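J.: Listed below are the residues making up each chain.
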Amino acid sequence: MKLNINGKDQEYAGEEDRPLLWYLREDLKMTGTKFGCGVAACGACTVLVDGQPTRACITPAASLEGKKITTIEGLDTPAGQAVQKAWAELDVVQCGWCQSGQMLAATALLTTTPKPSEQQITDGMTSNICRCATYHRIRGAVARASEIMG
Amino acid sequence: MADTATFSPSRRFVLGVVGFGAAGFAVGCDLRAADATSGPVAQNMLGPYVRVGSDNTVTVFLRHLEMGQGVSTGLTTIVAEEIDADWSQMRFEHSPADDKLYGNPAFGGMMGTGGSTAILSSWEQLRAAGASAREMLRQAAAKKWSVDASTVTVAKGEMTSGNHKATFGELAAEASALTPPDPKSLKYKEASAYEFIGKERDPAKTLGRLDTPGKVHATAQYALDYHPEGTLTAVIARSPKFGGKVASFDDTGAKAVAGVTDVVQVPNGVAVVATNFWAARKGREALKVTWDDSAAEKRSSDVMLEDYRKLLAKPGLEARKEGKGVAGLQGAGQVITADFEFPFLVHAPMEPLNCVIEYKPGESCSYHSGSQMPTNDQRAIFTVLGLKPEQVTVVTHVAGGSFGRRATPDADLATEAAHLAKALNGKAPVKLMWTREDDIRTGKYRPMNIHRMTARVNNGAIEAWGDRTAIQSIMEGTPFLPPGAPDFSSIEGSNDIAYAIPNVSVDVHLVKNPVPILWWRSVGHTHTAYAKEHFFDVAARKAGKDPVELRRALLAKEPRQLGVLNLAVEKAGPVPAGKSRGVAVHHSFSSYVAEVADVTVNADGTFHVDRVVCAVDCGTVINPDIVRAQMEGGIGYGLSAILGEALTIKDGEPVQSNFYDYNVLRMAQMPKVEVFIVPSTEPPSGVGEPGVPPIGPAVANALLASTGKTYSKLPLGTKA
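Going line by line, the protein sequences match chains S and H.
Numbering-wise (numbering that gives the first Met the number 0), the first sequence opens with residue 0 and increments by one.
Numbering-wise (numbering that gives the first Met the number 0), the second sequence opens with residue 0 and increments by one.
Excised from the complex, chain S in its bound form:
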């Protein structure tokens, strides 16, 4: 079957239950999507499926035929670009492992809610864990990305 990943069709011929995360990382060598928990509890593997934040670690690749999948490697929407710019401006990252997932979650939030309130930022981001606790800067960067989007 064909999977549309970052605008490009990819042939998936793997097992029915194999999560998208491992297809991305091991087969396509797209390692920007990270493994953190394997049970959809941390958000490190967040990708967008038709714009919705989705946990790649529990979502079988075979369930995504015909859907548009966006990973950190293909974050080229206005919201995605603004998010990456804001993340760099504020030097949000520490270890960086969770940040692809954080940026994808922020992109999804800003796409539906371009001017989020503080509470909306918290609600949109609180399911993504950062052990370095860069939360303080993530809040600031989401707000800054919203400004950049104008």
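Think of the hints as simulated: they come from the structure by calculation, not from any bench.
Everything numeric in this text was worked out from a predicted model, so none of it was measured.
Be a bit skeptical, because a hint or two may be false.
Unchecked claim - Capping the alpha-carbon separation at 20 Å, the derived lysine to any residue pairs in SDA-like fashion look like this:
#	chain 1	residue 1	chain 2	residue 2
1	H	Lys-198	S	Glu-88
2	S	Lys-84	H	Asp-201
3	S	Lys-84	H	Gly-572
4	H	Lys-671	H	Asp-545
5	H	Lys-320	H	Thr-336
6	H	Lys-143	H	Lys-188
7	S	Lys-84	H	Lys-541
8	S	Lys-66	S	Thr-110
9	H	Lys-188	H	Lys-198
10	S	Lys-28	H	Gly-258
11	S	Lys-28	H	Pro-428
12	H	Lys-254	S	Gly-13
13	H	Lys-671	S	Gln-119
14	H	Lys-240	H	Lys-188
15	H	Lys-198	S	Thr-76
16	H	Lys-671	S	Gly-139
17	H	Lys-671	S	Thr-110
18	H	Lys-511	H	Asp-545
Given the structure of chain S, go ahead and fit chain H onto it with the hints provided.
T.: For chain H alone, coordinates are given in the frame of chain S:
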């Protein structure tokens, strides 16, 4: 000593580290030189820490692991300053594993990242490395232009003299051929002339973190992202109980899983090897292992804690005595006491432990990992595989967090990987992965412990202070603790209590327990600061004193503790209406931090930490924004532990498994944080850990102010 290597521009990844020449200088491929239009880049070592490319890049070799704490920027800044570079030309790379060239003096000369020592231990050395390289470039220019070296000016990555002008890159080869200057002859910049050290980033991102672009655009290569062609992936089934052994196993089910290639026994379990992770994991689920638990620990953690508590009736090893010591606790006034209980904690870095090992039997082995102790890992590997040290190459990748977990005196991950490679006889490169469940359930943990705090309060004063702990020793059995020496990591923060109290007694019982433990970000201070600073408020209130005023009085001779305390309290301003405030101050890893926590306690007893104001004195500041980031993150990491984290054990087996039951901090719980830095010309000291210890007691003190209760059992949970 000239060490020049030329690399093909087509090599896009760090393929390994190759040693050159008798001096043992080592050079890796330059990621940034991989531009098809730029042609081959000649790399020139100007001493072991500084490499200048013909493309005019200056790469600083990090002997410390970049695991989020910012060393890739901080250490590079020190060199950039003294070599007089332009910031845009600075790069970083992890150094090879070599104690002789890259050992950490704070680790007895062994390579190691920890104890917040990176900047502190590198300051003099990297200033010298930068200044030495600058003089070599100056001499090279003077020689080339036949002018006196004193006429050559070095600034922003260029040498000039009269009409002559050259970049670092243009003269790097000539400079590397020169003898480095006598270190005693080196001259350093005055602090007033600094261009980089202590400077704020500007909006154009000058002085921003050097690891930001790679992490924002996901091009940074962590160990888990390294995947040479044909790599097999392995997971290991380990004993559910600590100390259990494999009695027998049935691999029929595992081998029936498509993609599983091998099932092999290794010393601590049974490894399932497959062509990909999903198959390996399914194979492990289908594997049947019978465990021999005859020597395994079978107690529950609450039983262990009661065993610890029994020890507290008697004195332990003396760690501090002032005045009459423990006898001072008897006398006039009131004696108050409380047992403070701290659970096991998991580091849980976001990137679970992993490595890739490539073994050629009898010939060589390369090991890719995010290691905090690369030479220790190297030793473990050559020992298991029977290779010579120089046959084992260790390549260090940026790590997705650690908090201490990747600094293992027993080289647990490297040892497992080496046994696995041996069992597979080098048939393919192998990626060994720990799942999150492995991470939570296998150890190693911040040791569970109990502090019995006692104070005698009389006439509005704390006249005596007692702090008795029972805890497993982290340092015993490691190379870091000479036989018979006290385990400072168990008592740090307790025994150096700075308050001017006339009678002080600090003692410790070091307990034997097979549960694997390890240093966890800020180590002993994770519990000693909480016990000291929260019980101080309890005692101050019993004495009828304002806790902050009493701290000021009892720290009168401690200017740096007083400095951060006063700064934090001043910046926090008045307590907002409807909120409770708590304050704590603590000295750790040569730095001083005070934190003020404003907490809302709701009518239903739930509470939220709204705002934290932090003041830090870490001596000379290399990069103020990274200092702030480490305080923000340290506050979040410490808050995570005191609010929700606990690894409990039932009948010898961990209860928690993953982030759904091991509760770590999420954004909704993160306070607003404001960080203020005390200006200082003292030598630089650590920032990775010192932000962690004060947050717990600051929050507990705020709750105490609201409810009058002592918060002696951690984690606090959701209700005040």
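J.: Go through the numbered hints given earlier and state which of them the structure violates, listing their numbers in rising order.
T.: Those not satisfied are hints 3, 4, 6, 7, 14, 15, 17, 18.
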